[in-house]
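Construct the complete structure from the given sequences, taking the supplied hints into account.
Given next are the chains, with one letter for each unit.
Number of protein chains: 2
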Amino acid sequence: MMMVNQSQMCPRFEKAIEILSKRWTAFILFQLLSGPKRFVGIESSITNLSGKVLSERLKELEAEGLIQRSVYPETPVRIEYSLTDKGAALAPVFSVIASWATEWLPTTAPIPGPECETLLSETTSGS
Amino acid sequence: MMMVNQSQMCPRFEKAIEILSKRWTAFILFQLLSGPKRFVGIESSITNLSGKVLSERLKELEAEGLIQRSVYPETPVRIEYSLTDKGAALAPVFSVIASWATEWLPTTAPIPGPECETLLSETTSGS
DNA sequence: TAAATAACTTACTTTATGTAACAAATGATA
DNA sequence: TATCATTTGTTACATAAAGTAAGTTATTTA
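Chain order of the listed sequences is A and B. The first sequence stops at residue 302 when you use this note's numbering, and every number in between is there. The second sequence stops at residue 302 when you use this note's numbering, and every number in between is there.
Calculated directly from the structure, the hints in this document are not laboratory data. Any given hint might turn out to be false.
[As the list claims (entries may be wrong)] A few chain A residues that don't get close to chain B, going by computed Cβ distances all over 10 Å:
#1 Glu-231
#2 Pro-251
#3 Leu-265
[What the hints assert, rightly or not] As a list, the in silico DSBU-like pairs of lysine-lysine whose alpha-carbon atoms are at most 30 Å apart:
#4 A:Lys-234 - B:Lys-190
#5 B:Lys-212 - A:Lys-212
#6 B:Lys-212 - A:Lys-190
From the three backbone atoms N, C-alpha and C, an ideal C-beta is built for every residue, glycine too.
Pasting the structure below:
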C-alpha cells in the first residue's frame with residue numbers, strides 16, 4: 176500500500192506550529208522575549224514546568240536555532256539563554272495572541288494579577 | 176507555607192497560550208479556518224492525529240467556545256464542526272505564524288508540496 | 001433481521017512529563 | 001592539593017497523556 180502525506184499544509188507552516196505547540200516551548204520563548212535568562216530564572220517563572228523538561232526544551236530550541244546558550248565561567252558558573260534573531264522574530268506571534276486574549280477571553284481575575292497591557296512590552300502595539 | 180502564583184504572566188494571555196499550545200488544537204483550528212468540516216475530514220487532514228484525541232479536543236474546543244458542533248439528522252447522520260467568532264478571530268495568529276515560517280524556516284522540500292502562499296487565504300480550495 | 005455508514009468509546013500499549021535524589025563543572029578557600 | 005558551595009543539569013522511577021484497534025450507538029435501506 177502506498178504511503179501518502181495526506182497533509183494539505185505547507186511543510187514550513189506545519190513545522191512552525193509543531194514547534195510552537197509543543198508543550199512549554201511557547202512559554203519559554205515568551206519569557207526570553209524580555210531578555211536573557213538563566214535556567215532557574217526560566218524554571219521559576221513558569222508554573223509546573225519541571226527542570227527536566229526545561230532542560231530538554233532548551234536543547235531543542237537551541238537545535239532549532241531559536242535560542243542561544245552562553246556560558247560565563249564565573250563563580251559559580253553562569254549560563255544564560257537568549258533569543259536568536261530567528262527566535263526574537265516570533266514576537267509578533269505573541270503580540271497577536273495577546274490581542275486575541277484581551278478581546279476574547281474573560282478577565283475572571285479572583286486576585287488581580289499584573290497588568291496585561293504592560294506584559295508584552297515593546298511588542299504590544301497592534302499590527 | 177504560603178502558596179504563591181509565581182507566574183508573571185497575564186492570566187488571559189497564559190490561558191491563550193495554554194489553549195493554542197495543547198497538542199493538536201492549533202492544527203484542528205487551522206483546518207477549520209477554511210470552513211466547516213466533519214469528524215473524518217479533520218482526522219484525515221492531520222497526520223498522526225487519532226480519532227480518540229480528536230474527539231477529546233473537539234469537546235474541549237467546544238467547551239472553550241472556539242468551535243460549534245452542528246448535527247444534521249440525515250442518512251447517515253452528519254455532524255459538522257465550525258469555528259465560532261471567537262475561534263475565527265484566531266486567524267491573524269496563524270497568519271503571523273505563517274509569515275514567520277516563510278521568513279525563517281528552510282524550505283527543504285524533497286517533494287514539492289502545496290504552495291505555502293495560498294494556504295492561509297480563505298479562498299483555499301477545500302479538500 | 002441484517003447490512004452499511006458515521007461518529008464516537010473503550011481497553012490496552014506506548015510515549016511524555018513530573019518528582020526527587022544525584023552528578024558535573026567551576027572557582028574560592030583551607 | 002583537596003574540599004566546599006553553588007548552579008546546572010541528569011537519572012531512576014511514578015504518573016499522565018496520547019496512539020492503536022476493536023467495539024458501540026444510531027440511523028436508514030434492503
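Evaluation of the provided hints:
no., hint, in the structure
1, Glu-231, "holds (15 Å)"
2, Pro-251, "holds (23 Å)"
3, Leu-265, "violated (6 Å)"
4, A:Lys-234 - B:Lys-190, "holds (25 Å)"
5, B:Lys-212 - A:Lys-212, "violated (43 Å)"
6, B:Lys-212 - A:Lys-190, "holds (23 Å)"
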